[in-house]
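S.K.: Position chain B relative to chain A; hints supplied.
First to last, the protein sequences are chains A and B.
Following the numbering used here, the numbering of the first sequence begins with 1 at its first residue and continues without gaps.
Following the numbering used here, the numbering of the second sequence begins with 254 at its first residue and continues without gaps.
Simulated from the structure, these hints should not be mistaken for laboratory data.
A couple of the hints might just be wrong.
The following label-pair restraints were derived from C-beta to C-beta distances [said to hold, decoys possible]: (1) A:E178 x B:P459: 40 to 50 Å; (2) B:G568 x A:I140: 21 to 31 Å; (3) B:T380 x A:G174: 51 to 61 Å; (4) B:A372 x A:R75: 45 to 55 Å; (5) A:I140 x B:A330: 53 to 63 Å.
None of these values were measured; they are calculated from a predicted model.
From the three backbone atoms N, C-alpha and C, an ideal C-beta is built for every residue, glycine too.
As a plain string of letters, each chain reads:
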Amino acid sequence: MLSLRNLRKRFGGLAVTDDVSLDVEPGEIHAVIGPNGAGKTTLINEISGVLAPDSGSILFEGRDVTSLPLHRRARLGLARSFQITSVIPAFTALENTALAVQAGVGSSFRFFRAAASESRLNGPAMEALSQVGLGARAHIPAGAMSHGEKRQLELAIALATQPRLLLLDEPLAGAGPEETERLIGILKGLRGRYTIVLVEHDMQAVFAMADRISVLVYGRVIATGVPDTIRGNAEVRAAYLGEDDLPLAAGTH
Amino acid sequence: MDRLRSDLTAIAVLAALAAAPFVGFGEGYVLTLLARAMILAMAAVALSLLVGGAGLVSMGHAAMLGFGAYAVVILDAARIVDAAIVLPVAVLAAAGFALLTGAIAIRTSGVHFIMITLAFGQMAFFTASSLAGYGGDDGYTLYARSEVAGTRLLEDRLTFHFVCVAALAATWLLCRMLLESRFGRVLRASKGNPLRAQALGFDPYPYRLVAYVIAGGIGGASGFLFANATEFVAPAYFSWQRSGELLFMVILGGLAGLHGALIGALGFVLLEEWLSHQWEHWRIVFGVLLILAVLYLPNGLSGIPGQVAGALRKGDRRG
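In isolation and in its complexed conformation, chain B is listed as follows:
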């Protein structure tokens, strides 16, 4: 039942995103904003696989985006722009980084895991800042977007929009399938009761590591898209603030299902955008809203319907 509701919500959100250009949200500026929201949502859904599925609260997920984005930069500088090469390299670079750092980080748990993923992320951040050949601190402006089969297909805003919708849908489907599989069941069991999982013969470590690498690869793919969306890449992609934002999107949306991360990411980006046009000191309001959300929405934005229904039932009983 819950699963069905989660699926329907996610499908409805994805359908709305696909329909957006045809119902008055087709302007260039809006499409740019939506692309950014969808790309961050991809990374957030992958992070939700880790946090909600495996209990791995990573504070270094932005580094995965960073690796994907810098793969685009480094290949661009070498004049390699074919997406058929750039995308796999971006995914493998991020997954490789996830494998190396995850192999160490997953030996720890709780706060230590948060700190060690944060530390690895910052290492990557400072490494990127020191890459003088690729703009160092200042970042790197791409010569052009990646080419698809020799064409400049991704330059077209509407096409790019649908590429993002498709990528986000594929990410959601993949993560959903993983969580429902035998693999995902062991992952969820190890989160719910690690001692029980071990007593049944499951060592949680390899399962968690595989999940971490998969989430890393998805992060790399979203980094590839992010670089193409903005045509500019800076070390800030790796920053711990970005990791914190991604984690916040996941928690804001709610951990009850992958649809939470979808809603959280879209809500976060759109709210940030809207507020920033209202007042120049908008960050103060934004911060307060986020605190209120954590205090009063224990199940995140995706838990609101349940909360409202619960409150109504209570009111009925009283009345």
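Looking at chain A on its own, in the form it has when it is part of the complex:
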């Protein structure tokens, strides 16, 4: 589905992506974890096309997309959410989502018909909003929504593009306990229907959701495997030494 081959990226003297190779299988939830500054967001940025790697290649469904810009990769079905909420504040939730539908349905060089009354756009948009539990909030401007709702909207936008692969950059960032519960429920509901690459800080959530986990430390992947393997990996334990957020004891879930 998605293959990273020997990806490297340096910011000055700092190697933020250091010879990363990774394969994401169709249908899996593949989590990327790692301590702060491990280069997780940089990796997502390279996969989605916000940043270009210095060397190495990115294959998406067998096609080399390394040199394609962000908007071309999005057209191929690579949808991403942002760590810092990235919605259009002046648009309603529905309009934000309908814009995402619009990206996949026909041309946007249409000048005459009012987009807000197109059921072809609004129908799938409402569906995506209901999927994340925002059906009743469709007509609220995104700028007026709570942080948790914006995280949900961010998901709805990604879903509305009918992606082949979802790149989620810390979907739980900044969400309160209740909001986190709800978001995890939504994400679990997506399992099997979408291939998901998930970068997340919340270890409880990651170990509860992910099919496989890759651990990134100082730009290098030190381990990839199913949650139980990762839990037992000595190198991973060492990397997280002193941090409480890795649920190391097996059977905590």
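M.R.: Only chain B this time, still in chain A's reference frame:
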């Protein structure tokens, strides 16, 4: 709700303009002034499509008027005066200039975009000044207004007034429709959050360029009308001061909707006219008023009702 209020305001302003000659504003001098205000309002509404809709702050919009006006001049010198030819040429000349310069300018953003549109505008200004065959610096007096189907219809003041009202209404309708369409939605999204638009698969560039060309074409049409209104065309049409005035009209009116540009342009022209009759050093007062407007009217003239309502609510809570 906001959209409805914007529409109703614009319709009310247009209706007032249409009714003006019948309610005591039918004198030649007043009609001339109103025609000038409406023609500049056309250009301002198109500019508002760029500034408010696409986030493209152009400091070269006057050049679009200039191209439209000089199309009239150059055809007039060749004794081609049929509006059916002159108007399309004026629109296409301005749109063509917008396409060529926009293709480069839209690769930049922010202050760079302002500077590069300013530079292109000044290039056009100096080119027009050097056209010795068309009056150079001194400008060119038209032989007559453009003809419509072989008649001198536009010579009639009242007819010309309604032509301007219709042109302004059509401009407003067109820009409004564009903003509401799929195209406009991408345009507005790219202004609000370009990274998000790109992450959805939209490259903002072609959308912005098309908007720039459309606004240019509308500018050309208003240049055509302006030349016909004054029957005189000078390089000053292209000047950066005029571009600045147009931008000021848009900001004075408010960016919340296209009705802002309508109100801003009419307010600007009428205030300028009124003040200039009060005192010979009126520009000092005008300048101060404009500064006060920017300082105390964050949403422009069109935002005043909202501001007043807000202040009243606050007063209620206190009392």
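S.K.: For each hint, tell me whether it holds in the structure or not.
M.R.: Against the structure, the hints:
no.	hint	verdict
1	A:E178 x B:P459: 40 to 50 Å	43 Å, holds
2	B:G568 x A:I140: 21 to 31 Å	28 Å, holds
3	B:T380 x A:G174: 51 to 61 Å	55 Å, holds
4	B:A372 x A:R75: 45 to 55 Å	34 Å, violated
5	A:I140 x B:A330: 53 to 63 Å	59 Å, holds
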